[in-house]
Each structure stands twice: as structure tokens, then as C-alpha cells.
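Asks: The primary structure of each chain is shown beneath.
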Amino acid sequence: MTAADFSDEGGCVDAGRRATDEAHLGNHQTGAQLDPARSVELLRQMVLIRRFDELAMELRLADKIHGVVHPYVGQEAIAVGVCANLRVTDRIVSNHRGHGHCIAKGADVNRMMAELFGRRDGYCKGKGGSMHIADFDVGMLGANGIVGAGLPITAGAGLAAQMEGGDNVAVGFFGDGATGEGPFHESLNIASLWKLPVVWVCENNQYAVDTPVAGGLAARNVADLAAGYGMPGVIVDGNDVLAVYAAAREAVERARAGGGPTLLECKTWRRHQHALRDTIAPDRRPADQIAAWAARDPIDLFERHVTARGIMNADQIADLRASLEQDLADAVQFAEDSPFPAPEEALDDVFAR
Amino acid sequence: MPRLSFANALEAAMAEEMRRDERVYTMATAPSASLAQEFGEVRVRRMPISEATMTGIAVGSAGCGFRPVVNWRSVTFSFMAFDQVVNQACKIRYMFGGQRDFPIVFRTNYANGSRSAAQHSQTGYALYAHLVGLKVILPSGAADAKGLLKSAIRDNNPVVCFEPGRIDPFEEDVPDGDQLVPIGVATVKRAGTDVTIVALGYMVHLALAAAEALASEGVSVEVIDPRTLVPLDVDAIRASVRKTGRLIVVDESPPTCSMAAEIAAVAAEDWPTCRALKAPIQRICTAAVPIPYSPPLEDFVLPDQARIEAAIRAAVAS
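If you read the sequences in order, they're chains A and B.
For any residue, its number in this note's numbering is found by taking its place in the first sequence, counting from 1, and adding 52.
For any residue, its number in this note's numbering is found by taking its place in the second sequence, counting from 1, and adding 20.
Hint data in this document are derived by calculation from the structure and do not stem from the laboratory.
Treat the numbers as computed from the prediction; the structure is a model and nothing was measured.
C-beta atoms are modelled at their ideal positions from N, C-alpha and C, and glycine is treated no differently.
Heads up, some of the hints might be wrong.
As the list claims (entries may be wrong) - Simulated restraints, written as ranges between beta carbons of each label pair: (1) A:Gly218 <-> B:Asp41: 46 to 54 Å; (2) A:Leu245 <-> B:Tyr313: 34 to 42 Å; (3) A:Glu106 <-> B:Cys294: 54 to 62 Å; (4) B:Asp196 <-> A:Ala271: 37 to 45 Å; (5) B:Cys277 <-> A:Gly119: 26 to 34 Å; (6) A:Ala271 <-> B:Ser134: 18 to 26 Å.
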């Protein structure tokens with residue numbers, strides 16, 4: 053069984069917009085006009101996100117970091133493909149599964165890692181942890197631990213961009229589960245009513261914790277809901293970074309030009325469990341579904357693409373991976389070298405002075 | 021000094037602050053026509069009935085440098101937005117390590133005594149005061165309303181402005197021009213020596229009437245209006261109680277975890293204040309029931325002047 057077969061049975065992937073082989077990826081590339089350097093950068097970011105989160109899982113299981121980690125593994129093409137269209141002055145709002153969005157928007161992995169370690173040099177000085185990393189200086193307005201809560205904040209960033217009068221945009225990342233929350237409706241409605249420069253990016257990873265999409269959403273596709281709000285709804289293969297890039301480019305350009313919001317539904321798959329604390333839980337999702345999506349790993353697909361096009365060879369990819377491993381080892385070192393905050397620093401930052 | 025109603029004083033504060041700072045904008049489901057006329061529909065935004073998203077838009081745009089004033093209209097409707105308050109506005113500055121300030125004002129009316137029954141009759145301010153990360157103001161007159169709202173709009177933190185509906189038509193002389201009332205400073209509405217009454221919102225007016233009535237019996241009552249619930253002017257309350265030795269708190273909310281409970285605690289837990297007490301602290305609160313509709317039922321459960329007078333007599337008799 054392939055992902056395509058599953059999608060036809062389960063109604064989860066639009067067969068007309070799927071990319072299942074290199075030829076199809078190549079077609080997207082033609083549309084996207086990505087130069088080789090840009091392709092290398094996309095791959096670099098995807099691998100960095102993948103390895104950052106795999107490392108975060110290891111560190112959590114080893115009790116080096118605390119609380120909960122929501123791994124983004126398997127969904128990297130979405131953050132990277134969308135954010136490749138953004139400027140530093142554009143703003144994004146993330147959800148609980150936010151490490152990938154941070155990295156794709158340009159956050160520093162050293163300070164991210166220090167935050168996971170609860171150290172003073174972390175982005176939030178140890179007050180946020182995995183679920184609350186933000187870097188306002190690069191337009192990353194924060195991860196958010198409440199499903200659906202980021203949508204109103206995204207609308208606020210979109211309104212700010214509109215009132216500022218430039219052509220910046222706001223992007224809200226959320227999962228399929230967020231479509232069950234009331235603010236999803238409110239925010240899409242208001243964004244369309246006011247033609248806010250917003251791109252709504254639904255990362256449909258097929259499960260809201262352990263509820264399949266079809267068990268939580270009456271519509272066949274999240275993107276189908278867009279019509280009711282009078283905005284374009286686009287289904288994208290979320291495991292194909294070039295497809296995501298191309299669809300997001302169109303949506304971002306529309307928003308910059310004053311054409312209002314777009315709802316992008318990126319069909320994808322979360323490789324690991326919803327949330328990791330101290331144990332790996334058994335994966336109760338259907339085995340054939342797991343296997344089908346594993347065969348369509350976004351990084352595997354894109355590595356095949358860049359090698360087929362002669363942009364990189366296997367040695368160059370190995371070198372890239374090795375250099376990212378070093379970056380992450382350095383990030384862990386940076387985090388471990390950073391002091392814990394003094395306990396009384398817990399009392400700072402509640403109020404502005 | 022112009023004479024303004026409570027509602028018009030708030031409106032004047034809005035207009036002055038919007039003229040002063042173009043980053044100030046407001047969202048409301050029923051926006052003020054005069055503000056809309058002066059400032060246009062971009063800065064005076066008419067909202068669909070979407071309290072959660074209106075509140076979240078305020079958070080997001082504040083993080084981008086704007087200074088939103090959200091009008092929830094009634095505290096009753098604010099609960100539709102509770103996640104955006106509790107988990108977002110209250111915590112966003114702290115959990116991101118103070119990367120940005122979030123200057124937001126949430127304005128909200130509340131009403132008891134309007135024969136509106138349970139869902140439209142409640143104070144709600146103790147719920148907001150309990151949250152960490154908000155300032156909470158509660159003016160009881162037009163002059164304070166204007167000065168406090170102006171301070172709130174200039175504050176770099178989320179501030180909730182509670183506006184007692186029963187005071188809306190009350191008129192008062194309001195200082196002209198840029199007169200701020202500082203957040204966190206109580207005011208003595210009537211000086212006295214025998215009993216301290218700390219009263220909130222509309223209850224200030226009942227307390228003043230009771231104090232006046234008891235003056236003819238030779239009892240000198242001091243009435244304190246905290247004006248701000250967070251941060252509470254603890255020093256002013258304790259200083260008054262140390263002077264009079266008797267404390268009555270009047271709060272038209274049910275007693276459990278109320279502001280009345282908090283005010284009683286800040287007096288009782290301070291040894292010099294506690295030692296000065298000559299009578300037990302009394303709380304005059306609303307009965308712990310949803311507010312009923314029928315006038316005799318509603319009047320029975322709300323604090324009134326007679327209960328305050330009885331409490332004063334009981335205090336001086338101890």
C-alpha cells in the first residue's frame with residue numbers, strides 16, 4: 053500500500069496534487085525556479101530541523117532536558133517551504149510543534165538548545181522551554197501550547213502588517229486539530245473580512261493527538277473550508293518541499309499584493325508520537341499507513357531530487373549532514389556551558405517596567 | 021472643570037489618548053460613533069462577535085508595536101475569550117523571557133442590579149485579579165475613570181478596566197486636560213476615625229451613603245476606594261485600619277476567593293494592622309447564588325446600604 057492508496061481510501065491526500073516520485077518533484081521545481089544554491093539551503097534547513105528534533109528526543113529520554121517535546125520530524129518540508137518565501141520582517145506564529153518553524157524563520161539553534169536546557173542564554177531565559185520558544189527579532193512570534201490559540205494572534209500580526217502600510221505578511225502554522233477550535237472559524241472569517249495579509253498553513257498530519265482527521269472534521273479536506281470564508285483553499289503535498297514552496301509563494305504574493313488570506317492545507321505525517329516525555333509510546337496508527345508515509349519521507353524525496361538534478365552528489369550531502377551534526381554538537385555545548393538562571397530570576401519579566 | 025458622566029469620561033480618555041499616540045487603536049462589537057467619526061474605521065474597528073479572536077488580535081498586534089484597546093462590552097462576554105487572556109495575554113511576556121511588551125487595555129462593563137438575571141449579572145474582576153500578568157483597575161467615578169483609563173492606555177502591560185454599569189450615568193466634575201490617575205494608588209473618599217470601609221466600584225457610593233447616615237449617630241467612617249485591584253494599594257488599606265481598628269469590606273461579588281477575601285487577608289496577615297483590630301473583619305458580599313431576575317430576589321442577594329449600616333453598628337459595638 054502506498055500513501056496514495058491510503059489517501060484514496062482515507063480521503064486524506066488529494067490525488068491530483070500529490071508528488072510521489074522524482075519526476076513529479078521535477079515538475080514542481082520547474083514551477084518554483086529554484087536555483088541550486090537555494091535548493092541546497094532548503095535541504096540544509098530540513099536536515100537541521102530533523103536532526104535538531106531527533107537530538108531533542110534523545111536529550112529528553114536521557115533527562116538532559118525537561119517537560120515535553122513535540123517532534124516535528126516528518127513535517128520539515130512545510131516550515132522550510134513556506135518560510136523560504138518570507139523576509140525577516142514578515143512574522144510567523146507557531147504551535148506546540150514549533151522547533152521547525154523557529155529554525156526555518158532563522159532562529160539560532162544555540163539559543164534554542166539553551167532554552168530546552170532551561171539555561172539563561174535560552175531564547176526565553178529558561179522561562180519557556182520547548183513549547184514557548186520565540187524570537188521576535190526574526191519575526192518568530194512564538195510557539196504556543198494551546199491548540200488553535202495561535203490563529204487569533206496571527207490575525208493580530210496580519211492586522212499590524214496591514215496597519216503599518218508596508219507589504220509584510222503574517223503566517224500562522226497550526227495542525228488539523230486546530231480546526232476543531234472556535235477561534236479557527238473566527239480568525240479565518242475576520243482575516244477574509246478585512247483582507248488581512250495572512251497565510252494560514254494547516255499542517256494536516258492526519259491525527260489530532262490520536263484522533264484521525266475523519267473522526268474530528270466533517271469536511272473531507274481542511275482546505276475545503278476556505279470557500280466558506282471566501283478565500284482560496286489549496287491542498288499541497290506537505291512532504292514535497294518544492295510543492296509547498298510554490299504554493300506558499302503564490303499565497304504570500306497574494307497577501308503582499310493586498311489580495312487577502314489563503315488557506316494552505318499541507319498533507320503530511322508526524323513520524324513520532326504526538327508528545328514525548330520520558331518514554332516512547334507504542335504507535336497505534338495503522339501499520340500500512342505508517343509504512344506508506346515512511347516511503348515518502350520529505351528529506352529522502354528532496355535528497356533524491358537534488359542528486360537527480362546534479363545539484364549535490366552523495367558525498368556533498370554527507371558533508372552537509374556532517375557539518376550540521378557539528379553545529380548541533382556545538383549547540384549542545386553552548387547550552388551546557390550556559391548557566392542556569394538564578395532562582396530569583398523566576399520573579400522577573402512578569403510586567404514591563 | 022467640565023461635568024461628565026462616567027461613560028463620557030471614559031470616552032474622553034479614549035479620544036485624548038488616540039490623539040496623543042497613533043499606535044492606539046480600538047476594537048469593539050459596538051464601537052463608539054464619535055470615536056469612529058474622529059479617528060476612522062481603521063483605528064476604531066467594528067468587530068464581528070468574536071471575543072476570542074478580538075482578544076488574540078490585540079495580543080498579536082501589541083507584540084508588533086501597536087497599543088490596542090479591546091472593548092469586550094460586558095465581562096459576561098469576556099469569558100468567550102478566556103484562553104486568550106489566561107494563557108496568552110497574561111503569560112506571553114513572561115514565557116518568552118520579556119522579549120516584547122504587550123500594551124493592551126481590555127475594557128469591560130459589568131452590572132448587578134439591572135434586572136438582567138444570572139448570565140448578565142456578575143462582577144468577574146476577582147477572576148481577572150487572580151490571574152498573574154494583568155493589572156486590574158476599577159474606577160468608581162468619572163474623574164478616576166478618565167485618569168485611570170489614560171494611565172492604562174499608556175501602561176506597557178495588559179490592563180483590564182472594569183466599568184460598573186450602575187455608575188455609567190453618574191456625573192462628576194472631571195479635570196480638564198492631561199490628568200492621569202496612577203495605577204496602584206487608592207484614594208480616601210471620606211476621612212474618618214472609627215471604622216474603615218473598603219468598597220469597590222458602585223459599592224463606594226453605598227458606603228458613602230451609609231457613612232453619612234452613621235455620622236448623625238456620632239460614628240466616624242473612613243471610606244477607601246482602592247481604584248486599582250492589581251496592584252492593590254496594600255499600604256493605604258493597612259494604614260487606615262491601623263488608625264480605625266475596624267475593617268468592613270464591601271464587594272458585590274460572592275465571597276469565596278473574592279477581592280473582599282484578599283483585602284481582609286492583607287489586613288489580617290500584617291501584625292501591626294492585625295494587632296490594631298478592635299473588632300472582627302467583616303465582608304459584605306453578594307450571596308453565593310447566580311443573580312436572580314425578580315427584583316425582590318435580586319435585591320435580597322446584593323449588598324445594600326442597610327447591610328453596610330448594620331455592619332458599621334456591629335463593628336463599633338464590639
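Asks: Could you run down the list of hints and mark each one as holding or not?
Replies: Right, here's what the structure says about each hint:
For the hinted restraint 46 to 54 Å between A:Gly218 and B:Asp41, the CB-CB distance of approximately 20 Å leaves it violated. Separation of A:Leu245 from B:Tyr313 is about 36 Å and conforms to the stated range, judged on CB atoms against 34 to 42 Å. Distance hint check: the CB atoms of A:Glu106 and B:Cys294 are about 58 Å apart, consistent with the given range 54 to 62 Å. In this structure the hint that B:Asp196 and A:Ala271 lie 37 to 45 Å apart at CB is violated, the actual value being about 57 Å.
The supplied range of 26 to 34 Å is met by B:Cys277 and A:Gly119, whose beta-carbon atoms lie about 29 Å from each other. Take A:Ala271 and B:Ser134: their Cβ atoms lie about 42 Å apart, and the range 18 to 26 Å is violated.
In the structure shown, a violation is registered for the earlier hints numbered 1, 4, 6, in ascending order.
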